[in-house]
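So the protein lines, in turn, are chains A and B.
All residue numbers for the first sequence refer to our numbering, where the first residue is 1 and numbers rise by one.
All residue numbers for the second sequence refer to our numbering, where the first residue is 315 and numbers rise by one.
To be clear, the hints were calculated from the coordinates, so they are not data collected in a lab.
In this text, all values refer to a predicted model and were calculated from it rather than measured experimentally.
We treat Cβ as the ideally placed atom computed from N, Cα and C, and that holds for glycine.
There may be inaccurate statements among the hints.
Among the chain B residues that face chain A by a calculated CB cut under 10 Å, a handful are [claimed, not checked]: (1) I460; (2) C461; (3) S467; (4) N472; (5) Q507; (6) S527; (7) R531; (8) K532.
Single-letter residue listing:
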Amino acid sequence: MTATEYKAGTNLEKIFSDGKFAVTGECGPPKSADGSVIAGKADMLKGYVDAVNITDNQTAVVRIASLPSAVTVQQHGLEAIMQMTCRDRNRLAMQADMLGAHTLGVHNVLCLTGDHMSFGNHPEARGVHDLDAINLIQMLKDMRDEKKFQCGDEMDVAPKFYIGCAENPFGDPFEFRSIRLKKKILAGADFMQTQCIFNVPKFKKWMEEVRAEGLHQEIKIMAGLTPLKGVGGARYMKNFVPGMDVPDEIIDRMTGIEKGPASHAEGKKPAVEMIKELAEVEGVAGVHIMAVEWEEAVPEIVESAGLLPRPTVA
Amino acid sequence: MITAERKPLDEIIELVGDKKKILVAGCDTCVAICLTGGEKEAEILASELRIKAQQDGREVEVEHTAAIRQCEWEYLDMIAEKVEAADVVVSMACGIGIQSMAEKFSPRLVMPAVNTNMLGMPQEHAVWLERCGACGDCVIGETAGICPVVRCSKSLMNGPCGGSHDGLCEVTGPDKEEIDCAWHLIWERLKEQGREEMMIKNRPPKKWNLSSSGGPRKMVREEAKPV
């Protein structure tokens, strides 16, 4: 494939295009103006992941914005996947930011609805939700492929994006979840990352539905994984994080292990085991490791899962 | 119907300030049905204001009345005399009625005694649920008679987000009560109707300019205008 045939020509797109198994990570910008935190996380992950998600006010808590954070990460030699939620921006701001992302060399974008304001630190905020995630995907595709703004106006230079989306195989109604992925494919999504998987049987069941519809051939599917620091974090995710399905076996496995180096060591094991297991599932094209505020765990997990060295693409 | 909740007494007293002659004006339509601002509630608020003033050693004259509908000029004529005799009107009507009063009797002070909160329906006795966002571009023909604009916490147009679980929304109400996931309800009812395809097609971005984002709205029925 020549460079001109790529949609955006990002490292992530080329890895998928070469048929290689992709690994992405996640970096949450800090809740202060200290940009060195982002640089530090980038240095930690460089060489271990193919690209890193930069969250957009994750869990509705104010942080350094995803675009400048993405630029910082790329200045440190790691490709960014800029997350964009529909919660904080209307269609004007989204398109303006995405034109800016292109000009600054950020070409991977992940389109999300966004956690509700009530979960974050500004629960009195007005939620925007001008578009939903499916509308956002379609808008970016039309900008890229049709050189058109959402209103239909044409632009001289189209931005190039490799368009990502998320899906939660553990959300309800379960039977709608593969349909929702299909809607996102129809809207123009190129790759998809799942919500953190703890319930592997349910994920596999969902993948059966995905394969039955042939969706795995139309989009690159990345299985989402989160290493657990301790039983407290596992319980928190089970009870308080929207859309999470943490089976009791996971809680039981972490129970009784002393918090600290022991629980940290144990918490990485299920992630490594799951990567190995999920990589064998037909239609899984990569893994997305979400080590929330624990980026230093990623190198060991990637290495233990046998995913090093990361491929280089021309 | 339009629903409203009464403001706390202290807030109403602060709005009234040092005015001596107070008229509490109820409205006998929507806010009466939701047991917030009809004539009965106006009488109760008037009593509360009198008692509090007595406790605080303030001298006030508090009357109460009610219009059949505060949002229509002709019903305001019927209470005009009482309004004009007062220093301040404490209106228990919805935001529409309060503004009608303020405009009709301008520059007389008209203060709100309620917070207007939604277009809702009584789901059961004494429980009201929001049902319409007056968005100006109704989609419920495609969503099994269930409004995603106000019943989905994120006003999504293309199905439930990843936070939908066990038929419930990821968001809880002010008292941590569970909220139904509107898109789960839509999915289930569409299935019953054999119209699941309505959820499969991608719905385009909504035209919010037809809602309040387009500025204050106006409706004219030319054919109904007097000749």
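_Hint numbers contradicted by this structure_ = 1, 2, 5, 7, 8
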